[in-house]
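Those protein sequence lines, which keep their order, are chains A, B, C and D.
Reading the first sequence from the start, the letters are residues 1 to 145 in this note's numbering.
Reading the second sequence from the start, the letters are residues 1001 to 1300 in this note's numbering.
Reading the third sequence from the start, the letters are residues 2001 to 2663 in this note's numbering.
Reading the fourth sequence from the start, the letters are residues 3001 to 3188 in this note's numbering.
Hints in this document: simulated from the structure, not taken from any laboratory.
Beta carbons: idealized from backbone N, C-alpha and C, even for Gly.
Where hints are given, some of them may not hold.
[As the list claims (entries may be wrong)] In silico DSS-like links for lysine-lysine, alpha-carbon gap of 30 Å or less:
#1 C:2444 to C:2536
#2 B:1220 to C:2425
#3 C:2557 to C:2425
#4 C:2308 to A:31
#5 C:2264 to C:2308
#6 D:3158 to C:2492
#7 D:3158 to B:1283
#8 C:2452 to C:2492
#9 A:87 to C:2600
#10 B:1283 to B:1141
#11 C:2492 to B:1215
#12 C:2480 to A:31
#13 C:2233 to C:2327
#14 C:2307 to C:2327
#15 D:3006 to C:2492
#16 B:1215 to D:3004
#17 C:2492 to B:1220
[To be verified] Covered stretches of chain A (in silico footprint by chain C; criterion: 3 or more residues with CB under 8 Å from a CB of chain C, positions within the stretch not fixed):
#18 11-20
#19 26-34
#20 92-104
#21 123-131
[To be verified] Non-contacting residues of chain D with respect to chain B, defined by C-beta distances greater than 10 Å in every case (computed):
#22 3009
#23 3010
#24 3017
#25 3033
#26 3048
#27 3068
#28 3078
#29 3113
#30 3183
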Amino acid sequence: MPEPFEPKIVAFFCNWCTYLGADLAGTSRLKYAPNARVVRVMCSGRVDPQFVLDAFAKGADGVLLGGCHPGDCHYQEGNYKALRRFKLLQQFLGQMGIEPERIRLEWISAAEADRVRTVINEMVETLKRLGPRKAPVETQFAEAS
Amino acid sequence: MSAYSYFPGCSLRGTGAAYEESLLALFHVLGLSLTELEDWNCCGATSYMSIDEGSAFLLSARNLALAHKAKCRDVVAPCSACYLVLRKTQDYAVRYPAIGAHVGKSLAAANLPALDGVRVRHPLEVLYNDVGADRIHQLVKRPWRGGPVACYYGCQIVRPYHEVDRDCNPTRMDELLNAAGVPTVEYALKTKCCGGSLTGTMHEIGVRLNYVLLKEAVRKRAQAIVTVCPLCQYNLDACQAEIRRGTGERYDLPILYFTQALGWVLGADPEALGFSRSISGQKSIRQWFSTATEEAKAYV
Amino acid sequence: MFDPDDIRVGVYVCHCGTNIAATVDVRELAAYGAGLPHVAVSREYKYVCSDPGQDLIRQDIRDHGLNRIVVASCSPHLHEHTFRTATAMGGLNAFYFHMVNIREQISWVNEDKVSGTAKAKDLLRAGVRRVAMHRPLERGSIPIHPDVLIVGGGIAGIHAALTLANAGKHVYLVEREPSIGGHMARFDKTFPTLDCAACILTPKMSSVKNHPNITLWTYSDVSALEGYVGSYKVTVTRRPRYIDESLCVGCLECIDACVYKQAKVPDEFNYGLGKRRPVYVPFPQAVPLVPVIDPETCIQFKSGKCKKTCIEACGDRHAIDLRQEAKQEIIEVGSIIVSTGFQAYDARRNPYYGYGVYPNVYTALEVERLVNASGPTAGEVVLRDGRKPQTVGIVHCVGSRDENSNRWCSRVCCMYSLKLAHLIKEHTGAEVYNFYIDMRTPGKGFEEFYQKLLNERVHFIRGRVAEIADWGLDATEEGKLVIRVEDTLAGKVRRIPVDMVVLSTGLEPQADANDIRRLFNISCSSEGFFLERHPKLAPVSTFTDGVFLAGCCQGPKDIPDTVAQAGAAAAEVLALIDAGHVETEPNTAYVLDEFCSGCKTCVGLCPYHAITFQEERRKSEINQALCKGCGTCVAACPSAAIGQHLFEDSEIFEEVEGILTYA
Amino acid sequence: MLRKLKFQREADPDWARRVSQRPGCERLFSCLQCGTCSGTCPLSIYMDISPRRVTALVREGFREDVLRSQTIWLCASCYSCAVHCPRQIQITDLMYGLKREAIQEGLQPRRLPVAVLAQEFYHMVRRRGRNSEFSLVLRMALRSNPFILLGMIRTGWKLIRTGRLSLRREHIEALPEIRDLLGTEVTR
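Could you put the whole structure together from the sequences, leaning on the hints where they help?
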């Protein structure tokens, strides 16, 4: 029988909230799906839409962005910038034939270890439901980036 | 005019007859329509639940389904036990998918509709939310000639769900009665247990529980206890003679339903309020609720 | 021998004892690492962070001419600094290093070894690809302004302030109440030694007042904060007390002279157990000893028709100024200690205990005032009607260890309950009952104190009180408060009639903890207390450099622990100040002139105003000292003309690529 | 009589686990043994094992002691314990579950009226869809302890006089519907 589909998620976590939330999940020994691969950035505001497009182009099934809660950004307002870009990005991906559920932006504080677990588990479920990404889009991006 | 489905439950057809009568009379004077669920069945309350939870939920579910069928989706359940089981069924069917699936499957098998949109209501909370104390106050027709009363809420309408009223020191019955000009006393035991069916089974224990309830009510200068549940009413009402024999303390308090008290004040036909069905406190009841004296007053 | 231009990566996989090795196949991972492009050496080792582990890295750098280092172990927040130093000691630039987190991100959150190892390979691959792109960087350094701001004048703030001031540093101590002293100033005795709180606190308070290096601002709040470690700009709002601190001599004649002959206003300091006048000092030993006029209750403020006898009494000192207005002070400091304390749980939230309903149900803090010689009853423990209680019940864990209110143990209640039990018995000779779930006496001399109480015949009943009511079953219970509880050790349900109930309320975060958190840009743990940088390795630091924590704002603790923590915070601050400067992460953004189109998109984005536009060159320029390295401008630049050290696009692309290319 | 020495072989840890999976019992193992349940329970004073000790025994898997106890039958389901438990354990649900199990295993105290009542109630409702108080009490008494009836005569008469005791046996029309409904259900 064929192996069950294991989606691969690229996660961009901000250094001060979400990444620490993930660290806390670790120290609290919370168990969650192994599908996410975290890339640490200083602030969710650093996440260049190109990173996301590139991730999809290279075959990611989903991309997760994690930042501090509104008003809690370590750099005052980076997360708002991230939010603005995210909205555009989602539309754009839609036109590219990528389901909006494949990209997700979450505010997760350093204390919300459990949120890290839930969000990642949820996302894995969603992606399993959506199945692997359609090939054509991939090539589109390969040119794009 | 708001319309409600009515689930009497077994007690209101027996020991709780006065509750049904006064409830119907009260809803009538308030212009609320109450339509009995056609061919309702036992709610599957406490005792049943302790044999077989699965089918207890199903029994409740059928009644809720009937309401759904009747297109009249607010089900009024006056008996606390019925209210709770119906409410709990609804809640657990959502909270525990296994139970939900089981209920759904079974309803389908008996080709009954699903439960969605059905709301389980208790008359106290209907009067408080849908009618309101102010409206009650405006509608007062008769003066309250009785003494101060202790409002006794019992357990299952305030626990574990808090939609009828909060579980620590509930006040809605007090508020309604006060609005209707009925004085109430501070009653610390208002949510303590009356022993439910234990008076029938573990008699002595049941009686003891009711003794404590009565004692405190009297200590707080209450001249009657007002209840919302047929079982509470029965226990407090039927125990008094025995307590008198047992303790030598003289208890003869009328144990009323809040629907009787309000029904009287709002001018319902006293005959229709089932006062004659009370065992204890008949003396006070005759004084307080006789229209004869009322007419006499009218002459002088 | 080795060509410096070709990239030679050293990979080090850490077992972390069994922390990693248990759920990640470290041998396989190391072997896999060896096969990756550019990797010259790949090893696994029990504890790479240990001395021998670090030596291993240094040695390999020399022997194998490594010029890039990747360590796959714990979170960079824990050991990135350690390994960068090791890399530097090996003779490489510290930033030729990258850390792969396979513990917090994998071994601790994943059960099966197969998927764990697979994930670890992805991350390692990404790390190796990334580090290949790294470039040598130099740390910047910021000078540290030697002045310090301390927020909150409880015992924590006071102790930290004195420690720093004695070391010759200038401290601004800001307290929102009219006097410093916090909760401790309200206590009578302290456990377990029973030495009087005032005797140990008030001397410290007055030396705060008199210390040349301390600027004390009470009745004041920090209203704004900008800047960063080394140079913070702080705005402090000083609320008007309508009495000029510089002119008042603390004779308190204005208070006696007030037209209110009796004190009528429930006084805050005694939780309303006593009364005060509209002009008052919270307590006799207040620091500063300067009265406050409360406009809410002062006739002059309410009607404008007062004889103003207070002003008369003040006479030619002219200290009273009813037109005084809120004043803003703006100061520069290099570091900050937050010691804003706790608030007591509101016992009304447990209605079944009858607080606020039955007059003789008290909270522990109220009783602290009753037993206090300088309290509203001059140390007499009496009921509201003046009677001495003959039986007293002390209820532990009110608002602690309860899913329905606060889940945490408040740590001090057991001990302060024992203390109150002792004091109440001493003052009244009453029978005292303690109702506890678990007795927690882990501190120095605490267990001995518990023993002492047992021998004093204080009753200890293991059981959480179910309810407190005023109805009795018989004469012995009439007119008493009846406590219903299961004596879990005797295995009996008991009804215990008492005259007085003391609710040992728990500690919880200040109501405005969230505003404070935002103001100082620090995080909270799930229960709302401020979050330390690391529970063991950085217990008084926060994730914001230059901001430190002391006392109960970080979590419930007793006076000894609070003072110890305050000392630790002061030491951290001193280390910072005496170093004179702090090294900064070289993760700043910079403009590549050749690509900058001069569109100015970036200029408005920077929250630190680090980006200026050079009109003559038509190019943006980033001030390296001001840039905090968030990278927002980098992501926003339409012509990719901005780079960020340590987080270059190329580096991140490589990392992503590494994650996703299936090798 | 509860033996004071417990052998580990009497314990059934897996039973404890199974109980903890019933609705409302999920947090069973987080019990603090604080006794709030027993303290707030109006009937604990008549129980042979206090509710707190029930959770303790269940947790340790001492199945028989619990299922044979009177305690579970004295629970009047007033939900006091459930709303006050600092660990939010739905003790009422726990008790229901134990009652059911006791009946299935036939471990309930013999002739204990509560248990008999429950069973009679159950059968009556399943047969007729409704319960008729009079015949219910009658059957309960006959199957447990007929002397109960003597104590009830006085009250009974008063009820009849005040028209509160209907002697006719209720039943619903759609009995087949009930059968279909309960037919699918798996008795737990």
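Quiz item: Holds or violated: is the Cβ of residue 3010 of chain D farther than 10 Å from all Cβ atoms of chain B?
Solution: With a cut-off of 10 Å, residue 3010 of chain D remains clear of chain B, as the shortest Cβ separation is near 25 Å.
Exercise. Decide if the proposed pair is consistent with the structure: residue 2557 of chain C and residue 2425 of chain C, CA atoms, cutoff 30 Å inclusive.
Key: holds, 25 Å
Quiz item: Is the nearest Cβ of chain B still more than 10 Å from the Cβ of residue 3113 of chain D?
Solution: The claim is violated: residue 3113 of chain D sits with its nearest Cβ about 4 Å from chain B, within 10 Å.
Quiz item: Has the given pair, residue 2492 of chain C with residue 1215 of chain B, been kept, meaning a C-alpha gap of at most 30 Å?
Solution: holds, 24 Å
Quiz item: For the pair supplied as a hint, residue 87 of chain A and residue 2600 of chain C, is the alpha-carbon distance within the 30 Å limit?
Solution: It holds: about 23 Å lies between the C-alpha atoms, which stays within 30 Å.
Quiz item: Has the segment 11-20 of chain A got at least three residues whose CB is nearer than 8 Å to a CB belonging to chain C?
Solution: It holds: at least three residues are needed, and the segment 11-20 of chain A offers 4 whose Cβ sits within less than 8 Å of chain C.
Exercise. Grab the minimum beta-carbon distance between residue 3068 of chain D and chain B and tell me whether it stays above 10 Å.
Key: Residue 3068 of chain D clear of chain B: closest Cβ-Cβ about 16 Å, beyond 10 Å.
Quiz item: Is residue 3158 of chain D close enough to residue 2492 of chain C, meaning Cα to Cα at most 30 Å?
Solution: At roughly 38 Å apart (the allowed maximum being 30 Å), residue 2492 of chain C and residue 3158 of chain D break the hint.
Quiz item: Are residue 1220 of chain B and residue 2425 of chain C close enough, with their CA atoms no more than 30 Å apart?
Solution: violated, 33 Å
Practice problem: Starting from residue 2307 of chain C, check that the Cα of residue 2327 of chain C is at most 30 Å away, please. | Solution: holds, 27 Å
Quiz prompt | Agreement of residue 2308 of chain C and residue 31 of chain A with the hint, judged by alpha carbon distance not exceeding 30 Å | solution = Violated, at roughly 69 Å.
Quiz prompt | Coverage of the segment 92-104 of chain A by chain C (three or more Cβ within 8 Å) | solution = That given contact is violated, which follows from only 0 residues of the segment 92-104 of chain A lying within Cβ reach (below 8 Å) of chain C.
Hints 2, 4, 6, 12, 16, 20, 21, 28, 29, 30 from the earlier list are contradicted by this structure; the remaining hints agree with it.
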